[in-house]
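The task is simple: from the sequences and hints, build the whole structure.
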Amino acid sequence: MTASAESTIAENGKVVIRIESASAGRAKIAVRKPAWAEKVTLNLKGPGLISSPDPGYVQAVRVWSPGEVIEVQYKMRWRSEPGGASRQTFWYGPWLLGVSAEQNPAYFNELTTQNRIEGAEQLLGKKVKVSPFSIPIAVSEMRYTQAEYPVQPATVALRPIAEQTGLPTTSWEVRFLTRAKG
Numbered sequence: 001m002t003a004s005a006e007s008t009i010a011e012n013g014k015v016v017i018r019i020e021s022a023s024a025g026r027a028k029i030a031v032r033k034p035a036w037a038e039k040v041t042l043n044l045k046g047p048g049l050i051s052s053p054d055p056g057y058v059q060a061v062r063v064w065s066p067g068e069v070i071e072v073q074y075k076m077r078w079r080s081e082p083g084g085a086s087r088q089t090f091w092y093g094p095w096l097l098g099v100s101a102e103q104n105p106a107y108f109n110e111l112t113t114q115n116r117i118e119g120a121e122q123l124l125g126k127k128v129k130v131s132p133f134s135i136p137i138a139v140s141e142m143r144y145t146q147a148e149y150p151v152q153p154a155t156v157a158l159r160p161i162a163e164q165t166g167l168p169t170t171s172w173e174v175r176f177l178t179r180a181k182g
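Position 125 (the sequence shown) corresponds to 125 in this note's numbering; numbering is contiguous.
Possibly wrong hints are sitting among the right ones.
Just the calculated beta-carbon pair ranges, DEER-fashion [what the hints assert, rightly or not]:
#1 155 / 27: 45 to 53 Å
#2 4 / 148: 49 to 57 Å
#3 32 / 152: 40 to 48 Å
#4 28 / 106: 27 to 35 Å
#5 154 / 3: 43 to 51 Å
Bear in mind the hints are in silico, worked out from the structure with no lab data behind them.
Backbone N, C-alpha and C define an ideal beta-carbon position, used for all residues, glycine too.
Shown next as structure tokens:
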């Protein structure tokens, strides 16, 4: 069996697999469930057994025909991980998020080592302007407490570090203070 894949994972979390050629008997297609995916779903037309005997994979078993399509949907999640010394890194699916000085000049005019992002509950879910090399599904806007003006909350766009392509050279901050020092 041969297949091709087309990804729109950066826009909607999907990959479409097209069967190019197939043998006469039943065959298995197994799709890996990466650690960053909360869930992986396979959508097929017609009969077939979809199962997950191995927690790291979702598989479909059936007699395949050329031209058939399997839609793979990755349910991604926003998460934070320890970044050391009261700091955290933020991720969406496989993408490490950061703050670009080019796209957030006000954030970089602050005392950035003391700005505080409060956590996932502050995720605003707003649409943020995208560029040609954007990963729009992962762009997030969050509130933060300004170091110089703590009573005046502000917002900052977190974007995948991979979006540096196509931008002028700029500074990026990838670790954020999550609690007051004390």
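### Task
May I ask which of the numbered hints given earlier this structure violates, with the numbers listed in increasing order?
4
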